[in-house]
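Peer 1: Here is how the chains run, residue by residue.
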Amino acid sequence: MADKRSQVSAKIKITIIVVVLSVAVVLGVKSLKAFVKGSVQANISARVKGDKKAPVHITEFIDFECPACAEGARHIKKFMTEHPPTVYLELKYFPLSSHRYGLLSAQYAECAGRQGKFWPFHDYLIERQANWKRLAHAAPAFEQIAQDVDMNLEILSQCLKDTSVTESIQKDRQEGDTLGIKSTPTYYINGKMVVGAASLGTELNKYVQEAGH
Amino acid sequence: MTSGFEKVISPHQNFLYVIQSYAFLNPLLEEMAAHLLPWCEFFIGIFLVLGLWLNRSLLGLAFLLVMFLEAVAQAILRHLPIEECGCFGGLMSFPLPSVLVFDTALFILTGLMYYKIEKTQRFSLDQYLFKNEAP
Numbered sequence: 001m002a003d004k005r006s007q008v009s010a011k012i013k014i015t016i017i018v019v020v021l022s023v024a025v026v027l028g029v030k031s032l033k034a035f036v037k038g039s040v041q042a043n044i045s046a047r048v049k050g051d052k053k054a055p056v057h058i059t060e061f062i063d064f065e066c067p068a069c070a071e072g073a074r075h076i077k078k079f080m081t082e083h084p085p086t087v088y089l090e091l092k093y094f095p096l097s098s099h100r101y102g103l104l105s106a107q108y109a110e111c112a113g114r115q116g117k118f119w120p121f122h123d124y125l126i127e128r129q130a131n132w133k134r135l136a137h138a139a140p141a142f143e144q145i146a147q148d149v150d151m152n153l154e155i156l157s158q159c160l161k162d163t164s165v166t167e168s169i170q171k172d173r174q175e176g177d178t179l180g181i182k183s184t185p186t187y188y189i190n191g192k193m194v195v196g197a198a199s200l201g202t203e204l205n206k207y208v209q210e211a212g213h
Numbered sequence: 214m215t216s217g218f219e220k221v222i223s224p225h226q227n228f229l230y231v232i233q234s235y236a237f238l239n240p241l242l243e244e245m246a247a248h249l250l251p252w253c254e255f256f257i258g259i260f261l262v263l264g265l266w267l268n269r270s271l272l273g274l275a276f277l278l279v280m281f282l283e284a285v286a287q288a289i290l291r292h293l294p295i296e297e298c299g300c301f302g303g304l305m306s307f308p309l310p311s312v313l314v315f316d317t318a319l320f321i322l323t324g325l326m327y328y329k330i331e332k333t334q335r336f337s338l339d340q341y342l343f344k345n346e347a348p
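Chains as they are written, first to last, in our numbering: chain R, 1 to 213; chain Y, 214 to 348.
No lab work stands behind these hints, which were simulated from the structure alone.
A virtual CB, placed ideally from N, CA and C, is assigned to each residue, including glycine.
Take these hints with a grain of salt, some might be off.
Unchecked claim - Sample of chain Y residues at the chain R side, in silico, Cβ under 7 angstroms: (1) V221; (2) S223; (3) Q226; (4) A288.
Unchecked claim - Within a straight-line C-alpha distance of at most 16 angstroms, the following computed EDC-like cross-link-like pairs (lysine to aspartate or glutamate) qualify: (5) R:K78 with R:E167; (6) R:K30 with Y:E244; (7) R:K33 with R:D51; (8) R:K33 with Y:E219.
Bound conformation, chain R alone (with noise of 0.2 angstroms):
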């Protein structure tokens, strides 16, 4: 009996080692992780809105052919329009290796930004991305819709060729990927980190019953 007693109790103590190690582990990789993620930087290019004076910053990483990411587009928007000096907003790419048009459809975007057209093509990504997606060839949906905005075709051309672009939307993914994003839509509202439509729609009533508006 005391054999047995002594056989648990070693057990016991064996056990909380290995998840006392086991914790130390991760908190150690964690850290690590924290050491080496930086912040969300500060976005200087077309691709916000806003005045930036505004009380809540949301930095968005946005994948184009993402469902949920058209979903959160048209919640900020709704959002926007209802409490207009509130938002400023900036949009970050993120293309997922899984999404036959992410980094296609970024690419157009980043050459639409740089022609002062960012959001009107990204709100005709967001509202036509079901037919778009959809395509075996995506590309003519994309120049449709530079036509729509009055986008120089032949200027748009040229951008689409030149390496400057993709190395734009590669380094949004970078620091992406150092700030641990996983999936999309992921968004910093104020630095903090929430995941997908519903979070987002959460976080921002909480601001809004916050604030009293």
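Once you've looked at the hints, dock chain Y against the given chain R.
Peer 2: Leaving out everything else, chain Y in the frame of chain R:
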């Protein structure tokens, strides 16, 4: 263990998003699950690999698998728009029907291992350190 480890070292918001996609729990339970489930997975995995508290770990694994199967099955029945899109991150991602088949197979295997616990324990810490302890 690997799955749990990857989740505990990542921001919990990533896993919260996955849970929300299944529309299975209320917001409070979703938050709790996002914080607790990865640790449960992680520790159950560790104990299984080490063969420590093997019978309890197998029961814990079976319980987790039942939860996952329920969540996936109801998502399929409700035709929830959870596609194999990598929207759940850059790691492996499978269509829901495949997940259902895989988890069912894993559940059956877990059951067999629990039923044949003496054989399962053969190279475990439980057996090595505590030879006389009944399963």
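Peer 1: Can you name, in rising order, the numbers of the hints this structure does not satisfy?
Peer 2: Of the numbered hints, 4, 5, 6 and 7 do not hold.
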